[in-house]
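**Student:** Read off the chains here:
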Amino acid sequence: MLDDLAIKVRQNIGLATAIGLFGILYLLYNMAHPKGFSSAVLVQNGNEIFALAMLAMAQTVPVLASGLDLSVGAVMTMVGCVASYLLAGTVGGTPLHLEIFGLHLGLGTFPGGTGGIMLGMAVCVAIGSLAGFVNGCVVVYGRIQPIIATLATGAVYIGIALFLRPTPGGKIDEDVNWALTNSLGDFAATVHIFDDGAAAWFTPLAWIPVPFVLLALISLLVWVPFRRSVLGRAVYAVGSAEGAAYMSGLPIARAKIAAFTLAGFFAGCGGLFLAIQTSSGNADIPQAGAYTLNSIASVVIGGTSLLGGTGSAIGSIFGAMILRVISFFFRIFDIAPLLQPLFEGLILLTAVSIGALGVLRVKNTLELFR
Amino acid sequence: MTTVTLGLSRDDRPILIAALFIFVILVAGTVYTFARFGSAPLLSPTYLLQQLQVGAFLGIVSAGMMLVILIAQIDLSVPWTLAAAAMMATSIGGPLAIPVGLGVGLLVGIVNGIGVAYLRVPSMIFTLGVNAVMRGLMVAHTGGYAPQTAATELMRTLAADRTLGIPNALFVWAAVSVLVVVVLQRTPLGRYIYAIGNKESAAYLAGINTRGVTVVCFALCGLAAALTGVLLAGYSTKAYQGMGDTYLLPSIAAVVIGGTNILGGRGRYLGTLVGVVLIVLLNSVLSIMEMPEAGRQVIYGLVIILMLLVYGRGERITS
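Residue numbers (this note's numbering), protein chains in the order written: chain A, 1 to 370; chain B, 1 to 319.
Pulled out of the complex, with its shape left as it was, chain B reads as follows (with noise of 0.2 Å):
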């Protein structure tokens, strides 16, 4: 007879309380709106499909986000990284436009990488560094006004448009998130960005090129925040200033309510793209409940602590 053991490891009990969190938010949403309204929208398909069109632009940038976070660091420059791209690939138009965008958020992570993994900036500084000088970059490129440049078609149709019903942009989102996964579980790389999370000096002793996986684990995340930039480009027909400001924080928030580990080497995908969801549902339920700026904002804390209340502790230093 085989015993059955609700065995779960210390990287899944976070995933599974987001998730039962995210339920808990759907039927308090759901509760709400019927005694209101007498409908209840969060649980049509077509709702929920039009705001896991709005998350894929966080889904892709907290991807990024949870490598850059796996090897210990941080990319504080998401922000203009994406603007940037945005902004540099309606400015070039034309079939060269993608290409160029994700270009632009490649060299910054490359910039970002080199600088922390060479020069031994603490990546906090660094690129808050390089997100300032793509801000001045922007501004003087489109002299602070809103670009008048527009998205290209292709750019349209990547983030606005839908494919048998579905919001093409999750498509995009489910295939970065097929990349990321696959390189985490499957490839040394994924083995490496954990061990160095875990300690750099143990995996630099065991001959992995710490630098370069740092480079490559940054580029990777500016590529991400690139292509979020192009997306949302697409999804708004525009670039426009500060579009990637209110990116930051929620993708360092949905990676960490994900169980990723801020310090580093551990944490699952699964974990970020369910806390990505828990912050796009919260975000929705709230606007629907016309929640001013305000009360979202604090509730939007007390989730965070909340959760990592749950699981996010650390342990005691005891010696």
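Isolated chain A, as found in the complex (with noise of 0.2 Å):
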């Protein structure tokens, strides 16, 4: 028994030091806060992670694939903005109208209320969606190489998402927002379940914040399951050895296209929840390129190889916790602001090399080159 969770570690070695690497920082970073180990505390964290992880699972789905998805951010920032027309809430419903080379063309009047609210988050997660699908079929069918075809599709969805949102605004229900980026025990006071969740059995779980429940949902009832379906392995499949694969008869065109597709998913629930947590859509470029680039980031230090083929998407939702816990220390530890930016890129160069060392021991040169 010991001996498998031994081997279990060490088969995951990366996923371990990541896990382990986020728990020590994570307790420190409780015991320096004034108010530490609080659901208060952990609710922020968790408002704060839920977007990051969210891209670096989307990110990790095309680089097992050995691919790499550079619109993961521009997927984001284009659901957010459909979001914030979408989830409105208003009761009479939200009239969508189109207005494109000077023309005007009313969509009719998208439903309101909580059967409004539950169709417009579906239509947002489909439409991040339909966007990985995109990129797949790009990809496979274009033959294109993932980072060049993803760069440009993502040039292509930050343009509709700065033409639905040339400046920030929209609404976002303000019930959903509050029941979303709370605890539990708000969570059910907002949708009258539990009894207002205040039920016996409910209480001690009322401090868990919904960011972290979310993601667990998100983490078990999507990406547990394609891994371990026949499209999922297939995807491992074609990250170590394309052709093997091949030659294995597994579907690999279906394989890219389903990992590119569920790298629109998660982007699309991040850009929901990043919606909903900020009760307005936004077309900001920088911030799309930042989540894109530090989505990367969370999966080299989640233990996700580059090259494809090794990590899991569980790994990347800590590489993602790991970058956020290390700038909430800066709160915490008081650093200047403007020394932030240089911390945070000497800790994820430190972190990349140390993890590189490994190669100084390798007597084989040959065996860099893979």
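Just so you know, these hints were derived from the structure itself, not from any lab. It cannot be assumed that every hint is accurate.
[Stated by the list, open to error] Within a straight-line C-alpha distance of at most 25 Å, the following computed DMTMM-like cross-link-like pairs (lysine to aspartate or glutamate) qualify: (1) A:K171 with B:E293; (2) A:K35 with A:E48; (3) B:K199 with A:E242; (4) B:K199 with A:E48; (5) B:K199 with B:E315.
Model, not experiment: these values are computed from the prediction.
Starting from two chains that each stand alone, build the complex the way the hints lay out.
**Tutor:** Right under this line is the structure:
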């Protein structure tokens, strides 16, 4: 039993390191925080972590298939802009219209109320998945390198986001914002379940922040089944040896398209949450770029190889959390804001360099070239 | 009797198609301006020279980027290498401004090269980290505000003035281009670069100092970014925050549109030149059309995909 565990850890050394590092950092953070180990701190951290964690998961899937998705930030931004139209939750519904080349097109009214909000969320996630699906098709059927294909589609998605929201704005239903960005207790009280969160069995759980619950749910209900499916295994196989995967009769094309579609789905979830959290849509190009780059960093810190084939989205979540916790430390230790970017960069560089020190022990130089 | 065959090598086709596309952009833009304003500014030499002057900055960055892409790596540290070189050059001032600026770029490039070649960190992540560090250093240096220092006379002359009616920046771009072409075509280093891009382990077994070549490529890329930063500071008379941000993706796009394989080992410098001109002209036509930013981004993305669909498709993996 213990041997099994040891083997598991050795096989997932990257993931284990990421979890361990996060555990230590987060413990230190809470010990240093004046209000450490409280639900309030946890809720705040959860909100700050969620979007990046989703994008890190999104980036992981194409990376596992030895691709790269430079459009995750753009998809997130585009979905956020869509959400700022569809989640207003106005009782009478929200009239939608399109203004293009001076033409004014009425698109009818998007339903309001709870049903409308649920539908709006579904539409948002579907749009994210569709964007990912388009990426996958361009990569597979266009046979264009993923880096450059997603660079181009990312520009298109950012363009659409800018078209939807030339200036930041929009509105998100306050109840949705409140319910999803607080603890489970607040969630239950807002949507009126479990006696408004007062049920006896529920109170011990009421402190858990909703973002973490969502993160766990998405991991368990989407990522884990995918990884265990034939398609999920095919993604890993494509990443470690595409030619061998082809010769083994694995559905390569479908695996790649699925990888990018899933990336779009995760990025869409991230965008949806970001819009709900900020109660607005904002086509912020630098922010989209920063999220894309941080998602790559999270993937690497989480123990997934950029060459593909090894790693997991769970590790990337921890990678994203490590990145975020590092910036939480700046607040605690009162590091001058001007020095923060420098520390972030140095820590990222140090982390990847330490991870790479193993190459100094390699005896046969040929093993370095993979 | 000799038969004339239209023998186009695999590397020439993209260049020809991209050049044709430039022609299409020019014609479409001219038709538009003629119909709307009754004039054809796109065809006037003054306007074209002005556009090329702006294009020179992108051209020099792309030249460096191409060297790195040819060895199957990428340099994401370009934005803040460029900005750091500009900021250091303007804050030092005097005759040392340009050497210091270029030195910054060279140093960053060497650090990138060491990280990628000796530590074997994937270039995508290492240069990203270096970019963050450079940004951090510059934010700490300037306090996050626009630097108050100004470019020196020489920097302004190089970037903004004209000799015999031709912008000096074009001469700098031409000099860089000649240098890159000579290195790639006429020196062992050039052969090594293509060899490493094709298969690094084979190049290593053939006795090439692959690590050394990698460091040199990154150093040259850093140098090119720094040169652009120095010129750009001269052009706009000062350095500013985020001045390099708009150069990273277009430079990669220019290299790839020009037919260089993003996986390394294949591509000609002429293609990169054509790619730069294409992107610059596309931008200027779109701004003449008063296209809003949203439309620009969409068109920009679609053009890249379209060009690559025509000639940049990879081979189907079947074994």
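**Student:** Hints first: check each against the structure and report whether it holds.
**Tutor:** Okay, the hints, checked on the actual structure:
Taken as a hint, the K171 (chain A) and E293 (chain B) pair is honoured in the structure, with Cα atoms around 23 Å apart against an allowance of 25 Å. Of the pairs offered as hints, the one joining K35 (chain A) and E48 (chain A) holds, with about 17 Å between alpha carbons and a cut-off of 25 Å not exceeded. For the suggested pair K199 (chain B) and E242 (chain A), the alpha carbons sit about 17 Å apart, so the restraint of at most 25 Å is met. Distance check on the hinted pair: K199 (chain B) and E48 (chain A) sit about 43 Å apart at the alpha-carbon level, beyond 25 Å; violated.
In summary, the hint linking K199 (chain B) to E315 (chain B) is supported, as the alpha carbons are separated by about 17 Å, within the 25 Å threshold.
Of the numbered hints listed earlier, the single one contradicted by the structure is hint 4.
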